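Protein chains: 4
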Amino acid sequence: MRAAVEAAKADVCALHAYLPAAELVAWTSGNVSARVPGADLMVIKPSGLEYADLTPASMVVCDLYGNRVEGDYAPSSDTGSHAYVYRHRPDVNGVVHTHSPYATSWAARAEAIPCCLTAIADEFGGDIPVGPFALIGDEAIGEGIVETLEGSNSPAVLMRNHGVFTIGASARAAVKAAVMVEDAARTVHLARLLGPVTRLDDADIASLHDRYTNVYGQKGAK
Amino acid sequence: MRAAVEAAKADVCALHAYLPAAELVAWTSGNVSARVPGADLMVIKPSGLEYADLTPASMVVCDLYGNRVEGDYAPSSDTGSHAYVYRHRPDVNGVVHTHSPYATSWAARAEAIPCCLTAIADEFGGDIPVGPFALIGDEAIGEGIVETLEGSNSPAVLMRNHGVFTIGASARAAVKAAVMVEDAARTVHLARLLGPVTRLDDADIASLHDRYTNVYGQKGAK
Amino acid sequence: MRAAVEAAKADVCALHAYLPAAELVAWTSGNVSARVPGADLMVIKPSGLEYADLTPASMVVCDLYGNRVEGDYAPSSDTGSHAYVYRHRPDVNGVVHTHSPYATSWAARAEAIPCCLTAIADEFGGDIPVGPFALIGDEAIGEGIVETLEGSNSPAVLMRNHGVFTIGASARAAVKAAVMVEDAARTVHLARLLGPVTRLDDADIASLHDRYTNVYGQKGAK
Amino acid sequence: MRAAVEAAKADVCALHAYLPAAELVAWTSGNVSARVPGADLMVIKPSGLEYADLTPASMVVCDLYGNRVEGDYAPSSDTGSHAYVYRHRPDVNGVVHTHSPYATSWAARAEAIPCCLTAIADEFGGDIPVGPFALIGDEAIGEGIVETLEGSNSPAVLMRNHGVFTIGASARAAVKAAVMVEDAARTVHLARLLGPVTRLDDADIASLHDRYTNVYGQKGAK
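Residue numbers (full-length UniProt numbering), protein chains in the order written: chain A, 1 to 222; chain B, 1 to 222; chain C, 1 to 222; chain D, 1 to 222.
If you're looking for bench data, these hints aren't it; they were derived computationally from the structure.
A couple of the hints might just be wrong.
You can't tell identical chains apart in this list, so a pair holds if it fits in one copy or across any two.
[As the list claims (entries may be wrong)] Here are the simulated lysine to any residue pairs, SDA-like style, with alpha carbons at most 20 Å apart:
| hint | residue 1 | residue 2 |
| --- | --- | --- |
| 1 | K219 | A173 |
| 2 | K219 | P129 |
| 3 | K219 | G71 |
| 4 | K219 | M1 |
| 5 | K219 | T198 |
From a predicted model like this one, the values you see are computed outputs, not experimental measurements.
Just need the whole structure built from these sequences, with the hints factored in.
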């Protein structure tokens with residue numbers, strides 16, 4: 001139990017380095033959390049600390065209602081919403097939130113990103129959907145995330161006038177989805193500026209997503 | 001007194017590193033200043049020196065009329081305007097100036113950035129306003145800053161055909177505002193390129209700004 | 001033979017560092033391969049590994065039908081298509097695939113990049129062409145690459161709704177083409193956003209491409 | 001004489017580091033040269049070498065007709081044009097060439113950058129002009145540079161369908177102008193995408209340029 005908590009703190013701390021490296025965040029505007037395996041606990045970023053100052057010891061351990069159970073700092077403002085996702089999605093073990101600029105620009109217009117690239121079919125299995133507007137600080141955003149991603153292949157949701165949330169079977173997978181949603185948002189933005197784009201056929205999307213989910217990477221290695 | 005001056009010189013020198021890191025400046029086109037606590041003095045960047053060459057010893061100490069009182073270099077061309085802000089806004093202890101590209105593009109059109117994202121409501125508490133055009137070198141820009149931000153929640157002002165000035169209760173807070181105004185300017189720019197954006201309701205803006213000001217970060221930590 | 005394989009593994013591993021450095025890839029979304037001189041073999045990136053984790057030992061050796069003959073990892077999903085290119089283009093010794101954002105935005109619109117800059121004439125000798133849409137995982141993409149580049153001066157092809165493939169007399173040359181196609185795609189994108197661009201005359205394109213191919217660099221050094 | 005040549009080689013080599021750092025170049029697509037004080041000689045980048053591989057010893061010394069007089073490598077393809085500038089502009093001691101993307105996008109449309117920002121008035125003293133199209137490899141580009149900048153305050157010229165050349169009283173000043181022209185091109189591009197911009201009054205431009213030329217930096221330091 002202690003080992004699982006400490007491992008999650010180290011993992012969540014290290015994964016935050018991807019956010020500025022991939023230019024997904026400004027100042028302190030994004031956070032990563034992970035479920036602690038085998039416990040009703042999660043680990044999340046402390047609120048308002050700069051990424052360069054994070055250490056495993058500064059991570060905050062909360063229960064799945066967002067109450068702090070360990071740590072010196074107040075947890076992220078988004079803790080209640082992360083917690084809501086973990087309570088309602090037992091398959092989810094990692095959640096990431098950013099205001100990455102291209103993805104957030106789609107969220108500002110409340111426009112889904114159309115599945116017009118093989119890379120979107122691969123990672124998102126269809127269009128990247130828009131979730132509702134909600135105020136920050138309680139669980140309302142979490143409800144919007146869970147409702148929007150219900151029955152979707154997408155690990156990412158564009159929260160209206162706000163930013164991006166991604167989920168994953170691990171915190172690393174959620175970070176990857178946060179990187180990929182910004183990349184997709186940017187490329188489709190650029191394409192659309194000079195003309196229309198064509199969505200892929202549903203059969204091609206299904207085929208690409210299936211291969212990516214089941215063959216890509218080292219899953220298919222013998 | 002000596003200790004406060006030296007601390008301010010070290011602080012202002014170190015904070016300049018954020019400007020190129022966040023891609024807010026080209027060559028030497030931005031500066032940070034801080035009020036020296038308990039004195040009618042400010043510390044500011046020397047004019048025209050490259051960021052990589054700055055040291056605490058190269059910082060310039062001026063009175064609040066922009067006259068150099070200590071230092072080997074001529075102070076920034078914007079010193080008179082920083083000084084004007086300190087004289088007229090006793091709550092302000094840091095001022096930052098940049099020509100960050102997205103924010104300056106709004107300034108070039110003399111167009112305020114609408115409060116259409118939660119991150120803008122959080123940090124700026126409303127639209128980010130436009131200030132008047134003024135020549136560089138005396139206090140005219142300072143007058144425009146003070147006048148425009150009078151009664152505004154925003155710590156940032158887009159100076160017409162020029163660039164951005166931000167203020168803060170500390171120099172660090174002003175640097176943060178400079179980073180956040182560029183991020184907001186960029187995201188709203190991107191959104192607007194492909195369609196209209198909706199401003200948040202005033203009640204939501206007030207609620208978000210209040211929470212961010214009073215709860216976000218470690219203020220709420222017990 | 002062993003020495004040639006080991007040299008190719010070291011070379012292909014090292015060349016992958018250019019992809020994130022030039023911001024051509026997100027997460028693991030690009031790959032480099034090289035033909036092993038004097039053998040019907042190629043070396044390619046393992047599937048799904050992050051760039052920072054690549055070592056020469058993790059590179060995968062395949063035959064020119066994409067079958068793994070050496071290595072601990074499953075090869076890139078694109079291996080079959082790289083292999084197809086090597087079988088059909090004996091002059092090609094390196095292949096690179098990316099989803100670099102500006103180039104991919106042209107691919108998403110299925111629009112060739114017009115040869116309106118001297119740098120495009122130099123490196124590509126004409127317009128940068130669009131290839132067909134094809135699913136990932138077998139040789140279909142390779143067929144599209146070979147067919148599209150038949151008789152073209154361009155070492156790059158924009159694969160519809162997918163991304164970019166480049167070829168070269170060496171893997172380094174293919175990497176260079178991948179860097180240059182993104183640069184060209186970006187500059188022409190920016191130009192076109194604010195007005196039309198004029199294609200260069202065919203005679204000027206031919207003259208520039210000839211000089212670049214035969215004189216530029218250290219070829220002309222005495 | 002030897003000392004002046006060696007100093008110029010070290011200086012030109014070091015200044016090349018600014019080009020990739022400011023994202024002005026892709027692969028090897030830009031070069032810096034400097035006049036050797038007190039001699040009819042110039043130092044320039046070798047053709048086609050990557051920036052990370054440059055050393056003072058690899059720099060090429062040429063006469064002012066572009067003939068190599070010292071060095072192991074063939075000089076840049078643009079040597080004849082740099083040389084032409086030095087012969088016809090005795091006040092110029094440094095020349096820089098890049099294909100920086102925003103500036104080159106204006107060059108692709110053959111559109112001058114209007115002086116609508118104080119930073120443009122400061123550095124360029126007016127609009128940034130467009131020069132003619134010319135083939136690469138002889139002096140034709142140099143002629144276009146000299147002719148276009150005749151009587152202009154601008155140290156930068158946008159060469160049609162090609163890229164940017166900047167000049168300066170030192171190679172460092174020419175590098176600065178190359179950084180600033182890209183910054184100006186980007187900001188005005190962004191502004192123009194969402195609406196028209198207003199050019200500054202000629203009197204304001206003259207006043208800003210005069211102050212920047214005569215007071216900015218450490219010139220005014222006592």
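These are the hints, each one checked on the structure:
For a Cα distance limit of 20 Å, the shortest separation of K219 from A173 inside one copy, 14 Å, qualifies, whereas the shortest one across copies, 32 Å, does not. In this assembly of identical chains, K219 and P129 lie within 20 Å of each other by CA distance neither inside one copy nor across copies; the values are 27 Å within and 34 Å between. Taking CA atoms no more than 20 Å apart as the test, K219 paired with G71 passes between copies only; the shortest distance there is 15 Å, against 37 Å inside one copy. For the homomeric pair K219 and M1, neither the shortest alpha-carbon distance inside one copy (29 Å) nor that between copies (30 Å) is at most 20 Å.
In this homomeric assembly, K219 and T198 never come within 20 Å of each other (Cα to Cα): the closest approach is 31 Å inside a single copy and 44 Å across copies.
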